[in-house]
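A.B. asks: Chain order of the listed sequences is H and F. Note that the numbering used here numbers the first sequence so that position 81 is 81, with each residue one more than the last. Note that the numbering used here numbers the second sequence so that position 406 is 406, with each residue one more than the last.
Treat the hints loosely; a few may be bogus.
[Stated by the list, open to error] Straight-line Cα separation of at most 20 angstroms, PhoX-like style, residue types lysine-lysine; simulated pairs:
1) H:Lys208 / H:Lys233
2) H:Lys411 / H:Lys383
3) H:Lys319 / F:Lys345
4) H:Lys297 / H:Lys345
5) F:Lys130 / H:Lys390
6) F:Lys345 / H:Lys73
7) F:Lys128 / H:Lys390
8) H:Lys319 / H:Lys342
9) H:Lys342 / H:Lys271
10) F:Lys107 / H:Lys383
11) H:Lys37 / H:Lys58
12) F:Lys270 / F:Lys297
13) F:Lys173 / F:Lys37
14) F:Lys58 / H:Lys58
15) H:Lys107 / F:Lys383
16) F:Lys246 / F:Lys411
17) H:Lys390 / F:Lys27
18) H:Lys390 / F:Lys261
19) H:Lys73 / F:Lys208
20) H:Lys345 / F:Lys319
21) H:Lys411 / H:Lys246
22) F:Lys73 / H:Lys246
23) F:Lys208 / F:Lys35
Keep in mind the hints are simulated off the structure, nothing from the lab.
There are 2 protein chains.
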Amino acid sequence: MLAEIITIGDEILIGQIVDTNSAWMAKQLNLIGIKVKQITSVSDDVDHIIEALDEARKRAQIILITGGLGPTKDDITKITLARYFKMGFRRDEETLKHVEGIFERFKRPMLEVNRKQADVPDGCTVIKNKNGTAPCMWFEDHGDIFVSMPGVPFEMMYLMEDEILPRLKKSFKLPVIYHKTILTANIGESFLAQEIEEIEDSLPAAIKLAYLPRLGQVRLRLSASGENESALKHEVDHYADLIIQKVKPFVVIDEDVPLEKALLDLMEAKKLTLSTAESCTGGYIAHLITQHPGCSKVYEGGAVTYSYELKESVLGVQKTTLNDFGAVSEQTVKEMAEGAVKHFKTDYAVAVSGIAGPDGGTPDKPVGTVWIAVASKNGAEAKVFNFGNKRAQNIERSAIAALNMLFTRVKAESSK
Amino acid sequence: MLAEIITIGDEILIGQIVDTNSAWMAKQLNLIGIKVKQITSVSDDVDHIIEALDEARKRAQIILITGGLGPTKDDITKITLARYFKMGFRRDEETLKHVEGIFERFKRPMLEVNRKQADVPDGCTVIKNKNGTAPCMWFEDHGDIFVSMPGVPFEMMYLMEDEILPRLKKSFKLPVIYHKTILTANIGESFLAQEIEEIEDSLPAAIKLAYLPRLGQVRLRLSASGENESALKHEVDHYADLIIQKVKPFVVIDEDVPLEKALLDLMEAKKLTLSTAESCTGGYIAHLITQHPGCSKVYEGGAVTYSYELKESVLGVQKTTLNDFGAVSEQTVKEMAEGAVKHFKTDYAVAVSGIAGPDGGTPDKPVGTVWIAVASKNGAEAKVFNFGNKRAQNIERSAIAALNMLFTRVKAESSK
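So that you can see chain H by itself, here it is in the shape it has in the complex (with noise of 0.2 angstroms):
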């Protein structure tokens, strides 16, 4: 069964925002066995709604569209579907309580636009959006199944997993799609490739094999549909197996999550609790962790230290260290993580330390120039990088090094 998602709105077209919304459906998607053909992002305009619509449903069979549903002039999704199916509308007096309660709630007074969020295609089955105005709206046409939900990333949600999903489960008989996922870091894509040559030539037809590489790790997905879940499992874990087996030192964990969340499930495993001190990575490090629910049994906090005064403060770095060698040195960090151990009280700490630009290099210690250390109770190592001159990348390859180092290091003491 396939889908596709058309996004609606110039915000996206002209980079104002992000659209992080198709891939959280995509993924939602795949898990009930319904495959994403194409994601497709078109303006607030008429006619070109209706080109991607119809172009749309030449390829699948689900359409999911995506805002354009707000009470502003801007928003047209709702006269353009109703034109499109040819129907007229109806005020739906179920979604007018329920707004009237949102405005009753919030003690605001009640617009005519508002009042007009309740207005709907004759020929939509309106399904009530808990959590904003906008009503999401189901539509059937030959055979065809369009539904429009707002482009707000939670009120999307909520209606893709309490609504939507379950209704497309009863609607279609869905394949099972099996994925396994090796997350492997420290090699590079040719080298991978290269060490599972044999075993990528062996693959059967059905099972799909991608590299997905990402700054310092590649995830290496197998991906096979069918009718018979176990079956498939069986077949795809093989091959898994075989692929683990082969490059085994570079494996990080076979499940689809990010570098931190294995690194958190190792930690917990081995019952090892996790500090950080961050300067360059301001903080960034301790949200990746901190995403994840059940961090805390592992992750006690840290620090972000900007100043040379909290790193002194907070930290314990001694102010001789940071005169003689400069904030981004291996002493310092490495007396950034000894004093997160110490001060934070936990077995293991981290501590970046670097120039993250696009101010603030020198000829020796140039931008992008990042030191990372970690420390137990083993004491502290550190690395230098050298990650270039854009700042967000020199922030993200920072915390994915730290935490490879980090997951290196917890990895061979644990294991001991």
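Go by the hints and put chain F onto chain H.
C.D. replies: Relative to the frame of chain H, chain F by itself:
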């Protein structure tokens, strides 16, 4: 002049990665007067890619393609483009030398698949990719321009900035596009629309107004395109001023910057310093702030205090406060903010403590309960919020609410 962006790769369609490239590219294209008509994500499938190329060139004259250029077997962009333009392959010597140089630098043996990265369709112009092994390829066909770039964000970004954008500027006489964005907070989209209805109705046809809502904020964007930059600017700025005067209490800033950047600019202008004390937001506020170059003029650092112990030892929260009221309470969050001001020696601090979920809720403090405090030398103020039961959304909304509270407080106190 219209462009389309096509991203190639199953990883976007199965939701494994979010397409951040397209938004960035769209923004850059807009700045030089090229409008993006559509963004399309397609799978690693020759026929599907060819269909997307055919559809895109019906609507636009510039087609920018990312992804599918890696050395492994699932990367088929190059083969597809050669077939589409009916070209053979040639080995590009300069690319080969460059790839060999990279492998030498990293002291890695070179494989045949890496050498193949230098094979290109024989009718394209090769553009050197300084940051990777996959070359960028520029095709011209019946007046249309097709550019194929790697999907790795920083490789694509360098290529766009250094090579593609300058070449596009040379290739076309581009119109000027002028945007003016007004960031508002603490007012809903429909109330904003009602407030400025008369101004909106009086806008000339050439000026478009868009409402871009996002968690507690609405951006108003006025756009116009034409030939004469100063005339466009003059007219758009005139209407922007009318809007700003009409909704002044809700205007954060009349620039297209994120809330935290507006805050940093305000605090820098007033020579004020800032620290953070985060529990449930886990470093996300620090990360938002430290994304911005020059933030160190304002931001000294902060603490991520997940555990009770760190709330006490780093921020000086009283043990009795934690025991009597709990970590998620007005008393604790105020002490966190006051502690940050005191221990980190800053003019302002913001503190957040809440139950991000999915676990940890109680009947009187359900998941989503978040206390936020702002402290300065004039004392601490706190507010409670409830953001629902999704962890990622709680973190995001808590951060925005905290920045909003901080901005409002700093603005009020610094204008006295």
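A.B. asks: Take a quick look at whether H:Lys390 and F:Lys261 sit within 20 angstroms of each other, Cα to Cα.
C.D. replies: holds (18 angstroms)
A.B. asks: Given the hinted pair H:Lys208 and H:Lys233, is their Cα-Cα distance within 20 angstroms?
C.D. replies: Distance ~13 angstroms between H:Lys208 and H:Lys233 Cα, so the pair holds.
A.B. asks: Tell me if the straight-line CA distance from H:Lys319 to F:Lys345 falls inside 20 angstroms.
C.D. replies: Between H:Lys319 and F:Lys345 the Cα gap is close to 17 angstroms, so the pair holds against 20 angstroms.
A.B. asks: Holds or violated: are the alpha carbons of H:Lys345 and F:Lys319 at most 20 angstroms from each other?
C.D. replies: Given that 20 angstroms is the threshold and the Cα spacing comes to 17 angstroms, the pair holds.
A.B. asks: Holds or violated: are the alpha carbons of F:Lys208 and F:Lys35 at most 20 angstroms from each other?
C.D. replies: holds (14 angstroms)
A.B. asks: Quick one, are H:Lys73 and F:Lys208 close enough, alpha carbons at most 20 angstroms?
C.D. replies: Answer holds: H:Lys73 to F:Lys208 is near 10 angstroms, not above 20 angstroms.
A.B. asks: Measure nothing beyond the straight line between the CA atoms of H:Lys107 and F:Lys383; if it is 20 angstroms or shorter, mark the hint as holding.
C.D. replies: Distance of about 18 angstroms is within 20 angstroms: holds.
A.B. asks: Are F:Lys270 and F:Lys297 close enough, with their CA atoms no more than 20 angstroms apart?
C.D. replies: Holds, at about 11 angstroms.
A.B. asks: Does the structure keep F:Lys345 and H:Lys73 at a Cα separation of 20 angstroms or less?
C.D. replies: Violated - the C-alpha atoms of H:Lys73 and F:Lys345 are around 48 angstroms apart, more than 20 angstroms.
A.B. asks: Given the hint that H:Lys342 pairs with H:Lys271, does the C-alpha gap stay at or below 20 angstroms?
C.D. replies: The given pair, whose Cα atoms are some 18 angstroms apart, holds under the 20 angstroms limit.
A.B. asks: Checking one constraint from the list: CA of F:Lys128 to CA of H:Lys390, max 20 angstroms. Satisfied?
C.D. replies: holds (19 angstroms)
A.B. asks: Tell me if the straight-line CA distance from H:Lys297 to H:Lys345 falls inside 20 angstroms.
C.D. replies: holds (14 angstroms)
Comparing the model with each numbered hint stated earlier shows that hint 6 is the single one that does not hold.
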